[in-house]
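Trainee: Here are the chains, one letter per residue:
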Amino acid sequence: MAIKDYIRERFFPHMWCPGCGHGVVLNAMLRAIENLGLNKNDIVMVSGIGCSSRISGYVDFHTLHTVHGRALAFATGVKMSRPELHLIVPMGDGDALAIGGNHFIHAARRNIDMTAVVMNNRIYGMTGGQYSPLSGYGISATTAPYGNIDQGFDIVELAKAAGATFVARTTTYHVQQAAELLQEAILHKGFSVVEIMSQCPTYFGRKNKEGGAVEMMKRMKDITTPIGSKAKEAQPELIERGIFVRKDLPEYCSEYNKIIERAQKQGRR
Amino acid sequence: MSKTIKFIQGNEVCVEAALYAGLNFFAGYPITPSTEIAELLSFRLPQIGGRFIQMEDEIASMCAIIGASLTGSKVMTATSGPGFSLMQEALGYAVMAEIPSVIVNVQRGGPSTGLPTHVSQGDVNQARWGTHGDHAIITLTASNHQDVFAMTVEAFNLAETYRTPVILLFDEVVGHMRERVVIPDKGEQPLVDRLRTAVKSGVDYHPYLPREDGRLPMSDFGGVHRYNVTGLAHDMWGFPSGNPQVVHGLMRHLIDKIQSNAAEIARIREFFLEDADCILISYGSSARSSLHVVQNRRKRGERIGLLELQSLWPFPARIVREKCRHAQTIVVVEMNMGQVLEQVKLAVEQPERVFLANRMDGVFINPTDIRNILRLIQGRGI
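Chains A and B, in that order, are what the protein sequence lines are.
Take the first sequence: its position 173, counting from 1, is numbered 173 in my numbering, and each next residue is one higher.
Take the second sequence: its position 275, counting from 1, is numbered 275 in my numbering, and each next residue is one higher.
Just so you know, these hints were derived from the structure itself, not from any lab.
Just so it is clear, the structure is predicted and the values come from calculations on it, not from any experiment.
Please note: incorrect hints may appear among the correct ones.
Straight line, CA to CA, 27 Å or less: simulated BS3-like cross-link-like pairs of lysine-lysine [unchecked claim]:
1) Lys189/A x Lys230/A
2) Lys3/B x Lys257/B
3) Lys4/A x Lys6/B
4) Lys265/A x Lys186/B
5) Lys257/B x Lys200/B
6) Lys265/A x Lys6/B
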């Protein structure tokens with residue numbers, strides 16, 4: 001199937017700014033789905049609120065554009081009722097980890113089979129450039145005119161600690177890797193998290209003098225390195241890319257099916 | 001045929017009725033005095049192949065039932081005041097995206113943590129206007145277990161008929177009281193199934209294009225029609241739109257589908273109203289004390305009656321006006337500072353004849369409380 005068959009052309013052009021990284025994520029996501037040969041009727045994409053969350057409107061799956069921060073909670077209801085469906089949940093960094101932080105850790109803890117994609121551009125884009133829990137110390141934002149004093153989360157560490165059974169990270173510069181990781185994440189049976197570092201030239205770039213989209217993407221290439229690379233030893237501040245966690249633990253919906261069996265057996269007794 | 005008769009709590013009746021109505025997905029979070037509903041459903045739902053999940057909070061619970069409803073499940077959550085407050089944003093989403101769902105609020109004293117184990121009817125207005133933005137909503141209530149059963153089934157039926165969230169506003173006394181209830185046989189109380197689209201695969205399906213009768217046939221997530229659902233103002237495809245004409249049409253549809261059917265949605269019970277000079281108006285557990293007072297005074301020849309409201313929103317204003325037309329005194333009995341009182345005053349022809357008999361201190365309003373207030377109103381002293 002051609003990539004075009006996965007999008008709703010009727011709803012284009014999209015609303016993202018020129019140079020925004022979210023289009024790259026959309027591309028990677030569709031390539032992953034195409035490679036996996038999934039049936040469009042078997043995919044439910046659930047998103048929250050923000051620039052990144054508009055991604056669900058553009059794709060030809062069952063799409064649920066919800067409220068800010070709660071995409072994973074809506075997705076949990078869909079998945080519990082129809083466990084055979086593939087749930088993909090794209091979120092922004094503020095959406096997933098500020099207002100949605102509680103749902104994020106609990107979905108990870110349950111190990112419910114869905115793929116959380118955190119499109120991390122370290123800023124609230126839709127509301128005009130406020131600092132997020134991923135901005136990090138010292139960053140400039142419209143709500144941090146004197147510099148941000150909030151420490152940032154590390155999405156990978158947070159997801160690991162919360163119990164996610166698949167955790168990966170890449171950037172919009174590494175578009176091939178993004179597609180590969182998303183493919184692996186969707187295939188994984190359990191709660192998978194893929195952080196995709198993305199650029200917001202309109203707000204983050206401008207506020208922090210990181211230049212335009214090209215400069216920002218080049219920067220993501222320069223500040224990241226594959227997991228376990230020699231470069232990391234020499235420069236410990238480099239951010240690692242790749243798969244950090246991949247393990248098998250009982251998946252929530254499969255476990256619930258066992259509950260149903262147990263309950264029905266007891267009922268017959 | 002032998003009837004199934006049970007002697008159980010109101011919360012348990014709610015569970016029996018929800019299962020009777022076809023409930024197969026429940027998400028919730030523990031909160032007094034509604035917790036028994038979640039506990040019992042965690043036991044009962046898997047027995048019928050349904051699904052129960054305890055979420056991380058009430059926000060997530062409301063979100064999860066919306067997601068489940070979109071796959072074709074009949075869904076419910078249950079909570080009390082503080083949890084109901086947390087659900088309000090997602091409740092508005094269910095209004096906007098037209099998601100059939102049932103939300104039970106077993107009311108306790110508020111505001112804030114208030115009186116967790118004590119009765120109140122303080123959430124009447126929150127049920128109406130808790131979520132932001134202009135909207136219509138359906139809210140039912142009940143004073144006894146037979147009605148808890150009937151109204152719970154009705155809530156599921158109305159949710160499907162109008163593609164809307166329906167709020168069941170019970171209170172702590174009804175929720176925890178034990179009383180006899182007759183479980184109807186299968187088929188005895190009619191059920192409304194989900195209206196699904198007849199549009200075939202490959203043909204354009206418009207999820208948000210109402211039929212002539214205002215109803216919108218649904219298509220289950222996972223089925224052959226892929227469409228967008230959003231809390232943004234949206235067009236007939238479910239795609240975000242800021243076009244004033246589209247927004248106007250959407251708002252009119254959302255409000256009219258309920259307000260224009262207010263007469264069909266209205267549910268009341270009446271006792272001795274034909275010749276009543278004095279009419280008590282009440283709902284929920286306070287209607288029990290009201291009925292007791294009315295029955296006692298009837299025995300003594302007083303022309304007193306009770307109008308019990310089983311639907312609170314849309315407020316059955318027309319019925320209240322007609323029933324109260326010839327009454328000299330109208331007394332609203334409720335456990336709050338007069339939330340239904342205000343509606344009654346707006347509804348009747350002579351609002352100066354409307355009085356309040358209330359308690360809002362966590363103590364159940366009993367017949368003596370009502371009698372004392374009646375004596376004051378009637379100028380007879382206590």
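Trainee: Quick one, are Lys189/A and Lys230/A close enough, alpha carbons at most 27 Å?
Mentor: Cα-Cα ~32 Å, so violated.
Trainee: Could you grab the alpha-carbon distance between Lys257/B and Lys200/B and see if it respects the 27 Å cut-off?
Mentor: holds, 26 Å
Trainee: For the pair supplied as a hint, Lys265/A and Lys6/B, is the alpha-carbon distance within the 27 Å limit?
Mentor: Answer holds: Lys265/A to Lys6/B is near 24 Å, not above 27 Å.
Trainee: Is Lys4/A within 27 Å of Lys6/B, Cα to Cα?
Mentor: violated, 59 Å
Trainee: Hinted pair, alpha-carbon criterion (27 Å max): Lys3/B, Lys257/B. Please report holds or violated.
Mentor: Judged against 27 Å, a Cα distance of about 37 Å means the pair is violated.
Trainee: Given the hinted pair Lys265/A and Lys186/B, is their Cα-Cα distance within 27 Å?
Mentor: holds, 24 Å
Checked against the numbered hints given earlier, this structure breaks hints 1, 2 and 3; the rest are met.
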